[in-house]
Amino acid sequence: MTAVTATEAARPAADIRSRGRLVFVTVIVILCVWVLVPIYLLAINAFSSPDQVNAFPKSFVPGFETDNINFFLGFAGVGKALFNSILVAGITMVLSILLGAPAGYALSRFDFHGKDTFRVLVLMTRAFPLPLLALPLAVMFIRTGLDDTAFGLALVHTTLALPFAVLITFSLFSGIPVELEEAAWTLGCTRFQAFYKVVLPLILPGIAASAVFAFVISWNEVFAAAVLTIENRTLTAFLLQSLDVSPLHLKFAGGAVLVAPALIFIFVVRRYLFAMWGIANR
Amino acid sequence: MAEISIRNVAKRFGDFTALDSIDLTVADREFMVLLGASGCGKTTLLRIIAGLETPSEGEVWIGSRRVDHLPPRQRGIAMVFQNYAVFPHLTVFENIAFGLRMQKLPEAEIKRRVGRTAELMHIGQLLKRYSGQLSGGQRQRVAVARAMAMEPDVILMDEPLSNLDALLRLEMRAELKGVLAESKTTTIYVTHDQVEAMSLADRIAVMDKGRIVQAERPIEVYRNPAARFVGSFIGNPPMNFLPARKADNGAWRVAGVTFEGPASERDEIAFAIRPEDLAPADDGLPAEVRVVEPLGPHMLVTCDVEGQLFRAVLDSDIDLSRGDLLRLAPAPERIRWFDPETEQSLRMH
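Line by line, the protein sequences give chains A and B.
Sequential numbering from 1 applies to the first sequence in my numbering.
Sequential numbering from 1 applies to the second sequence in my numbering.
Simulated from the structure, these hints should not be mistaken for lab results.
Take these hints with a grain of salt, some might be off.
[Claimed, not checked] Distance windows between CB atoms, simulated:
id	chain 1	residue 1	chain 2	residue 2	range
1	A	Thr117	B	Gly14	15 to 25 Å
2	A	Val25	B	Arg101	49 to 59 Å
3	A	Ser108	B	Glu57	27 to 37 Å
4	B	Ala108	A	Lys115	45 to 55 Å
5	B	Phe16	A	Arg143	37 to 47 Å
Positions of the beta carbon are idealized from the N, C-alpha and C atoms, including for glycine.
Use the sequences and the hints to build the structure in full.
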């Protein structure tokens, strides 16, 4: 008798749980489809011949043709744009780490007034729309002579990448027990030596990941690049300008070339991006 | 020679006073234990000596040098941390050699010292391993070896055994005592475990609310607590306390029994006796048995004396059960008295 009532009482709860699970799984599937389908279509079309791209109905198997990609890479100006992109992303990467890592270290190790406010402000920089800034920025860059230079654009990209660099390194430093540093101090190290000999070797992989992430942010950025450069366009700005008037299959090839490195890099450093949001490293 | 002298040290965090005018001298080669409940300031004091924390006031002297303005590396100390702080990216050998390399000692000397301390701590076979491949006990040994290899004037230990399991703790305790006695360094050791303190210390400094209440030899701290807090903190089970009311000609009445006591203006003071200093006798304090716990060599009897909790450690031969009435007589020379206001010990004249 008691057993029967127990199962009856248990059923609605289990029902609600399984329904909740259904909603959860559905949301996950929708999100995955949202992200993966465009990438899939991009990949198929980039590796198909022009005829296949324009044909209808579409084939869902790629043609494994590399003509599009090869043509695209041989296109005048692509090489230079690619070089510019790498240069700007490289400078962004270095600047973000040089500025972001000390901020992350300070946030994790020291107590100072306005620490919480600072953490929020770091994120707030991302809430400020870039288009709003673009015009005054362009004017200022022209006045200072920074317009149309890799360094100028890298400065803008650094402001975009810096919040992430700060937050990722903050979480990395927080994962290193203070006692390790203190032990090093008692064993004869200065603050700097302790950092260099103990902390740095332990967080180097994480720093590298954070650097790669900054690289990707710069690599993907198109708005500032399009507004602030004319001759020295980065790949994104170049594509925006020239592919607009290109045939469909070339657009796909350009898109694939742009997306692939970003995807690969993010996949490599995903573990550290989770760490940024406080999810334990697994 | 490394006598440590702490002069009028205070530490405040905002409004909170962690340490309140601490004066303490630790003799050369002495093993001093700082004992207290968590939050009493013992770790803060140790960290001030190490230089990991700056005092708000006061001076710290090691040997003949004033060190409170010096960074940790210039103080001639080595420290063992509660969570071991073994560097995970270095082998055991490199961990122990870390401080020696910072001193730029010749390679042969480093090898010799690492080998010797590793031998001493029985980790000679682990030198090529990394911290992740060691057990808690082994990490602890590495941490101690790393401190010993420095051959420091002073070794500071912050609850080094508290993360080990009970059996290992017992083993390491005896081993630490042996190793440190041989090394002839001055040691300051922080713990909240009174058994650890009693067994290791030359002297125990009992701390409470940012003050040192008593700093004496372990047996002295145990037998003659300077304050009520010390009696209730040290000893397992702790001291019993009962109110004593003034009777005629300097005597005090405790639960209907009269005792000779100290002179005091107060009408009521506290009578104190350790549970093991009680024996059944006809003229003793009337007690009603609440709980009987046989512990093998003796039994722990929890009673009620005039509505107060009262414990006695008695011979296990006595047959007792809940509700029994018995009379417990304290050994006269072991009775202690405390002032109820100041909580300080009242000595017999």
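With respect to the beta-carbon atoms only, verify the hint that Ala108 of chain B and Lys115 of chain A lie 45 to 55 Å apart.
holds (48 Å)
For Thr117 of chain A and Gly14 of chain B, compare the CB-CB distance with the range 15 to 25 Å and indicate the outcome.
The hint (15 to 25 Å, Cβ to Cβ) holds, given that Thr117 of chain A and Gly14 of chain B are roughly 19 Å apart.
Should the hint that Phe16 of chain B and Arg143 of chain A are 37 to 47 Å apart at their CB atoms be regarded as holding?
violated (53 Å)
So does Val25 of chain A sit 49 to 59 Å from Arg101 of chain B, Cβ to Cβ?
Since the Cβ atoms of Val25 of chain A and Arg101 of chain B sit about 55 Å apart, the hinted range of 49 to 59 Å holds.
Honestly, do Ser108 of chain A and Glu57 of chain B meet the 27 to 37 Å range at C-beta?
holds (29 Å)
Hint 5 alone, counting from the list given before, is not met by this structure.
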